[in-house]
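Participant: In order, the protein sequences belong to chains A and B.
Under my numbering, the first residue of the first sequence carries the number 1, and numbering increases by one thereafter.
Under my numbering, the first residue of the second sequence carries the number 1001, and numbering increases by one thereafter.
Just so you know, the hints here were simulated from the structure itself, not pulled from any lab data.
Using N, Cα and C, we set each Cβ at its ideal position, and we do this for glycine too.
You may find that some hints are simply not true.
[As the list claims (entries may be wrong)] Listing some non-contacts, in silico: residues in chain A with all C-beta distances to chain B over 12 Å:
1) 19
2) 24
3) 38
4) 52
5) 58
6) 157
7) 167
[As the list claims (entries may be wrong)] Here are the computed distance ranges between Cβ atoms for each label pair:
8) A/76 to B/1227: 49 to 57 Å
9) B/1026 to A/56: 50 to 58 Å
10) B/1169 to A/59: 42 to 50 Å
11) B/1169 to A/61: 24 to 32 Å
12) A/76 to B/1158: 51 to 59 Å
13) A/72 to B/1169: 31 to 39 Å
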Amino acid sequence: MATQTTDVGQAVGGAAKVGMPQLDFSTFSNQIFWLIITLVVIYFILSRIALPRIGGALADRAGTITNDLAEAEDLKSQALAAEEAYEKALADARAEAQNINVLMRAEIQGQLDEELAKADAQISGRTKEAAAELAEIRNAAKANVKVVAKAVAKEIVAALGGKADAKTVTAAVTERMKG
Amino acid sequence: MATETHGEAEAGLVFHPMDQFQVTPLFGAGPVEWFTITNATLWMGLSILVIFVILVLGARGRALVPTRSQSIAELAYGFIYKMVEDVTGKDGVAYFPYIMTLFMFIVVANFLGLLPMAFTTTSHIAVTAVMAMAVFLAVTVLGFVKNGFGFLSVFWISSAPLILRPILALIEVISYFVRPVSHSIRLAGNMMAGHAVIKVFAAFAPLVLISTGIGLVVTPLSILAITAIYALEVLVSFIQAYVFAILTCVYLRDALHPHH
């Protein structure tokens, strides 16, 4: 088995590599050379292309997010203002409606009072008129009663065979009528 | 008889858990020179490709609402960016591309290494040590450039009692210089150990072909173990990349703000 290993080692590297290949100093310069080239290439890829690009994308995103948040804040405040305005308009409209209600009520009351007063006046006027008419009729009736009474009294006196003196009859009727 | 069969089975099994870490030339069989294109080159190149696909092609849309691939790129970006910012502070963000480079390379190389037949570049101490030393040197130089000799106050714990401070300073100095060692061995060791264990279990898996009796028990068990270790390795792949990156951030913070 040992022979086999040595064979493989010799076939591969030429030198005896039974132990750790990590300690084979003959390969160090080779690895270090290629490592330095690799690291330099990676450094230039990263610092020239990759990192600025990724950093830029991340910064762009952060900026966009900040802007969007600010915009959202703005829109929110706008919405709040709109809501406030709406509430205010509603309150105003309510107050105005209340005012109009009171005004209308007062106006209607005034009109009603006026109409009532007018009607009252009309009624009292008619009543007076009627009373005057009634008084007139009464006076006329009274006068007629006097004339009729004189005539009737004269006729009765005549029928009874007396001779009625117009003056006396009138005086008598007038006296009776007073009583 | 049984012993004989057992011995035969062992002879038939092939244990090469470390062969997967060998650096070999892709073309031809010559010695591995510093410029030779090897399997390490191939898998490092593939990690560049994967990073390019994820972070450049994936994020190509730049859409306001990200697509799935864009989300992955942004998730990786945000994850490391936030870590750098949290650990090192605002002034550490300038070094974010370097830490992102390290993290992306390690995490992609770790995951690529989990593919069957793959070569795990981050399992090699040569690779992790270079990265750890680069971090160590950069952080040390940066510390002195930014703070002058005031950077030495990182070793002088002013919150500790005065008598203890020299001893603590000694400990701090030792731990400071041990940093690149632990930083690199942690990553390479984790990657190497997991992959080697999977290979060992994989070597036991074909036992049923050699010895049906004991193989009926060992083969399902080893396949189960491979599955379990593989799941663990997926976790380790990410966690080790994360640990490497966050430790880099911690060292960077010490360089930028040495006063405790």
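Participant: Determine for every hint whether it applies to the structure shown.
Facilitator: To see whether the hints hold, each was checked on the structure:
| no. | hint | result |
| --- | --- | --- |
| 1 | 19 | violated, 8 Å |
| 2 | 24 | violated, 7 Å |
| 3 | 38 | violated, 4 Å |
| 4 | 52 | violated, 10 Å |
| 5 | 58 | violated, 6 Å |
| 6 | 157 | holds, 139 Å |
| 7 | 167 | holds, 138 Å |
| 8 | A/76 to B/1227: 49 to 57 Å | holds, 55 Å |
| 9 | B/1026 to A/56: 50 to 58 Å | violated, 38 Å |
| 10 | B/1169 to A/59: 42 to 50 Å | holds, 44 Å |
| 11 | B/1169 to A/61: 24 to 32 Å | violated, 48 Å |
| 12 | A/76 to B/1158: 51 to 59 Å | holds, 53 Å |
| 13 | A/72 to B/1169: 31 to 39 Å | violated, 57 Å |
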